[in-house]
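Visitor: Sequence:
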Amino acid sequence: MIKRIFACAACCIVLLSGAPGMASTPAPARPTIPGKDVVAISGNGVIALRLADAVLLGLANNSEIHAAYLERVAQKTVLQTTEQRFSPKLKLNGSHVVNQNPVDRSSRTEISPTATMQSETGAQLSLSWNNSITQGEHGVASRDDGTSITVVQPLMRGAGRDIVTAPVKQAWLNEQINHLNLKAIVSDVVTQIIFTYHEVLRAQEQSRLAQEALARARQVLTYDTYRAAAGYWVESDFTGLVYAEADVASRELALGETVNRLEASRERLLRLLGLEADTQIHAVDALEIRPVKVGVAKTFAAALKQQPAYLIQHLAANRANVELNVERDQQQWDVSLVGKASQTRNYTPTAAGGQTNQYRDSYAGIRVDIPIGDAAPRRAETRARVNARNQDSRLIEARKALERDIGDGVRDLNARWRQYEAACRSLELTRMKLETERDRVKKFPGDSFRVLVFESDLHNAEAARIDTLIAYRNALARLDKVSGTTLESWEIELND
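In my numbering, the protein residues as written are 1 to 496.
Since no wrong hints were added, every one of them can be taken at face value.
Under the rule of at most 27 Å between Cα atoms (straight-line distance), these lysine-lysine pairs were calculated in the DSS-like manner:
| # | residue 1 | residue 2 |
| --- | --- | --- |
| 1 | K400 | K298 |
| 2 | K340 | K89 |
| 3 | K91 | K340 |
| 4 | K76 | K89 |
Rather than coming from a laboratory, the hints here were simulated on the basis of the structure.
Construct all of the structure, not just a fragment, from the sequences and the given hints.
Guide: The structure is reproduced here in structure tokens:
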């Protein structure tokens, strides 16, 4: 008998250890863009990187995203545990005790599994079985076993589906908040990658422009030096030679600064992408843009459905209302219907072969628990009411802030496009002005100071075009982030 009892206990333990709730921790997922892979081309040890490739690498390797997905594993465990609130629970207790004294030696073995379950109405059901065997020194054993079932149905405090399922509702609200937090983290990282990639593009173009400006300055210096040596200049024209030499020195300094900015921006991008610091990359996206037509009303309507910060505040307000209902319920009396039925059987060995006695017992009634003078439930209810009102106020403010941010983002985007158009016109006119001055110098040799000034103007105009182009791209990415559409724009799936 003892062996059979412990065999049953071992089977229960094996079954419980294989339950879903006891499974090993799953590996974290990661965000992906379905149907797209990195197509970066490596040549001469330098990787030609598109912005789309950079985003894909960031989704796969960024440490902040990886940490967020690890946290999601723990968060889902909390949700799974809460969802098992209404699943049957099994508790197994057992013992084996040996007693020895100068007169006799005996042992007692007990096993008592208990199954409990709570329904969504608040009813609690408990089913237990007790079995014990007492064995003396001469092998004489007595057995006691019994079963009982207990039912408790609250009528006031803790009754009703809304109150009983409140922990599950709160867990689901927390899960949705955690999902939105993950979306915000991935969106932030993608936006940082976009900004940093654009900085690399800007730095590359600035370096190229600086090299071209230096080459033109050296060409002007060579031309002026040749003309001075050939005797084409009068004494007053030699001031232009000094200007040309100073312009070359200034361009060399500017080139060094642009190279330094380029290396710094590349390092920042490599950190975001989770690549080694010595990886050589070159941004290859074309510096071209097309105007994107966006409206405040349409963008704001989309943001109300997708913007993580606003939706999190909306869920927080709902969670506060659920908590308020629970605290209100706690102020009620504890009135419950209770019932129990049990059966006990006892076997006692006798000289005639043993005697078995069986007993049955049951009861039903009402249990009332009335707290008097306990102010704690009222304090908790007051705090929950204040918190609910604060969350509602924050939700209103979050909606207003979102509307302001959308309006600012759309206006900034449109302004950036107008600036880009102005920069393109300025660049074209500056080129025409420089070409006109070069033709004049060829026809009427003399001081090339005005050419140097116009060369500087051309460099500044080209840099302004690049700056306004990058600013427009960044404004578009920023508007995506504010409206919560970054993942949708890049077709990113969170897979959490």
